[in-house]
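Chemist: When you get a sec, could you build the whole thing from the sequences and use the hints?
Chains as they are written, first to last, in numbering that gives the first Met the number 0: chain A, 0 to 407; chain B, 0 to 295; chain C, 0 to 356.
There could be a bad hint or two in this list.
Distance condition first, Cα-Cα at most 27 Å in a straight line; then the derived DSS-like pairs of lysine-lysine [claimed, not checked]:
#1 C:Lys189 to C:Lys175
#2 B:Lys282 to B:Lys31
#3 C:Lys189 to A:Lys362
#4 C:Lys189 to A:Lys209
The set of hints was computed from the structure by calculation and includes no laboratory data.
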Amino acid sequence: MKKLISGMLAATMALSLAACGGTETSSAATGSDGSSSAATSEGGTTAEGTGTPIHLGGIGPLTGDNAAYGIAVNNGAELAVNEINAAAGTEVFALDFQDDESDSEKAVNAFNTLLDGGMQVLVGPVTSNPSISVAAECASENIFMLTPSASSVDVVTAGEGTAFQMCFTDPNQGLTAADYIADNSLGTAIGIIYDSSDAYSTGIYTAFAKEAGERGLNIVQTSSFTSDNNTDLSTQVQQCQQAGADLVFLPIYYQQASQVLIAANNIGYTPTFFGCDGMDGILGIDGFDTSLADGLMLLCPFSAYGEDDTTKTFVSAYEAAYGETPNQFAADAYDCVYAIYQCVQDGTITPDMSAQDMCDALKSAFTSMSFSGTTGENQTWAADGTISKEPKVYQVQDGAYALVGSEE
Amino acid sequence: MQFLSYLISGISLGSVYALIALGYTMVYGIAKMLNFAHGDIIMIGSYVIFFAFGSFGMNPILSVILSMVVCTILGVTIERVAYRPLREAPSLAVLITAIGVSYLLQQVAQLLWSANPKSFQSIVTGIGLKPLVLFDGQLTISAEAIVTIIACVIIMVALTAFVNHTVPGHAMLAVSEDRGAAQLMGVNVNGTIALTFAIGSALAAVAGALLCSSYPTLSPTTGAMPGIKAFVAAVFGGIGSIPGAFLGGVLLGVIENLSKAYISTQLSDAIVFLVLIVVLVVKPTGLLGKKINVKV
Amino acid sequence: MPLSRLKHMKKTTRSNLITFAIVIVFYLVVQILSGAGVTSRSFEGQLVPICAYVMLAISLNLTVGFLGELSLGHAGFMSVGAFSGVLLWTVLGDSVPVYVALPLAFIVGGVVAGIFGVIVGVPVLRLSGDYLAIVTLAFGEIIKNIINACYLGIDENGLHFSMTDATSLGMEPDGKMLINGAMGITGIQKASTFTIGIVLVLITLIVILNMINSRTGRAVMAIRDNEIAAQSVGINLTRYKLTAFVMSAVFAGFAGVLYGLNYSSLVASRFDYNTSIQILVFVVLGGIGSIRGSIIAAALLTVLPEVLRGLQDYRMLIYAIVLIVVMIFNQSPQIVAWRKRIVARFTGKKDEKKGVA
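Modeler: What follows is the structure, encoded as structure tokens:
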């Protein structure tokens, strides 16, 4: 019994400690440096001057295995919020980003915490399974959810029209990749290495395999790994080599992809590697020999090496703020905030609206508007929440992306 | 030829497991505790090498030594602060504390070095070793695999010799046999256990260097899964037994790789664990474990 | 019940009644507070997981505290329970009324977990100590890996099953995926409520406390304390060990169904060794062998990371430190002795009565 009491004491101590820290929510809204007179110069019809911000919530893994993705999303969203607030000279958005450790339970907890904190619009979650659970909550509470990177179809299904995606759905990516490979005859014998324990990877693989069958692509080897045995991927690379694959499709994230490239280099295997948007970020891995990625092709809406102004502004601001090149996770999150800002600017939503009214307004606005950002021009959304934008295929050349084609 | 190449990559992976398992088994054998944080010490050690060698261009051998020093200090500190107060407590209490330390190390690593993965430059190629090409290029054995296997064998032999033929080694055996009796005979129990942690942690640094040289993605959670696998390997071979850890590690790596290659990549872990269960059911103290006689 | 009678009651019965009272009072207080609109959404959202973790902690305590064997695969039983119960729930769907489908889902979850308890228990219980622990961990991981590779779909031709991928099911286009490998089960109609959770916690308590205080329970504890002595007085080791182990698995299965029906997606990777360890932490922190301790520790430790959200980046760091500090504070003999001295100084050197929990 005494043990218990002391245990409880310790816990209470921790709780009170937490309460002290809890008052400072991560308001990313301290970007504007003084000059509030500039408020009139931009933005026009928004509710500026009232000073009350629209509360954006964010959810994603900030700790654990997938932390790199969640942190990128957090940074991208934070950057956009800071920029918007600075440009408007007033606090348009306040962002509160919560950790979900890429787990449904934690994600729903984070969602509830955010609602307690007055969240009006949700940017997130980052990974698929938590997104499915949170989307169902959003549907029942009528909260607008715009996920930067959860690409499973089940997310929009669970959202019943309240969940929107900034990224392509997994089947869409798999299908487009297969079509692109078939149209351009990139490979005569195709090997696949995918992560069978990951929803994103499996989703793309399934659609790819189906479309490849229909387009008559010759799949000679399918290898997979799980999050438990991804330490050593050399066996899978060897299998593809033995099967004589001249193109290896890698619908996996950049961390594992870098291992595949290194393992292939070690055994002198040089097929064409083809990845999807999860591949983006491979050139930014600290210490990675980017020459190994030469010739790597990837289907991805975002390129940090793009020449258009939006991308250049974003990339330089991101590099200045966080000291690294942004990947598509950050870009998608950045676009999410700007897409919502577009609705603020045209007066669709104002800070005094309830989250539910905002959700209804945003739903109709998103399905009728067109948005241009870092991840594509003239992006539009269907009523179910899926996005349509132009897919682009890049090839890595000399440590940068070069656009080689786009496929509609 | 194909089989041979899978077998060799299996032995290479297995040697890494074996190196980690040696650390586990040392600590378990002497301190009678499962140090769940061992995998995370490996991760910290790898980060030290990553920065020393990769970022500051230090000599690869020197950076491994630096990492061994850092890990030793870390291991001994953890033992002093978190484990020693619980020496007399139920073994489960120490287990939970070890898990807490494991979380702590991962979080510290993430705060210090961010969650973004790092690509580790092989220290083996850094020394200048080249892969071995056999049978006109049909079979390539990476330099990392060769170094890992050799290092593992040397360390195993050295450890066995140390434990069996030196005074501190005998003290370890005594503490492992009966802590109370050893103390009565004048063995410094706390010192011996600290020494065990020092050796185990230094081994972790070497294991980290070779793990990340062969499988070059480094992130705060890098140590977790290899740590668990090595724990399995240590039990497989008979926990507490140094040759057992070696044998268990190598077998585990070979089984994992061959089942990946020939049965199913999705189920390779399930197969590894199934083999473990079968072995333990047939031989309940692992392959080379000592039979414990229960006294009435 | 008059208080005077409470005083004369057997010590264990009184202790058990207090445990029940804690659960019921907690339930009533939460209901009143939430009725008054005082509780936050965040807190209300954690009630069902708290109930699930409480059940898991109690059931694991049966293995760890009363059977005296360390199990690192408890999440595996939770997993099979959750998947079978939720699967039944989605298949039955709207065709069966809720009051039939829901109990059925729980029963199926518990039974399937129990069957796995037997399958795992028979080989595992031949071992002891850390070897037993590692084998339970292995079973937990095997279960996770197999469910992760499991594809099950239904269309007009009936059920399709595959262990490789979704394409090889060869389903009609209008078919429905029931278990989609790593994506698990999605589109679950949420059914768990706090009331269901508390009812299940109470059932768990009644059954397990009764078992502990029965002939079976005493036999199990006799085995824990001295296996050879127990055997020598004619206690059937395998039978009693297996009974305790399987019962532990069954309640983990119930908890799994409760947990699974609380979210609209369910994945096997959620139930890995980390979850098993998390449950073990509840048991050890609450006091091995103390049911009440398990309940309180499970509830507090589930809430703790959520309360720490304000700390942002340092959240899990603080959680880890709290875990280490509490363990040392509670378990270190020196610190326990020091604490006793401090307490004695304040309470006038009265000898501490040894607590029953």
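Chemist: Each hint should be assessed against the structure and marked as holding or not.
Modeler: Now the hints, each set against the structure:
Restraint check for Lys189 (chain C) and Lys175 (chain C): the C-alpha separation of about 19 Å stays at or below 27 Å, so the hint holds. Note on Lys282 (chain B) and Lys31 (chain B): the hinted pairing holds, with a Cα-Cα distance of about 21 Å set against a maximum of 27 Å. Taking the CA atoms of Lys189 (chain C) and Lys362 (chain A), the gap is about 24 Å. The hint holds against a cut of 27 Å. Taking the CA atoms of Lys189 (chain C) and Lys209 (chain A), the gap is about 32 Å. The hint is violated against a cut of 27 Å.
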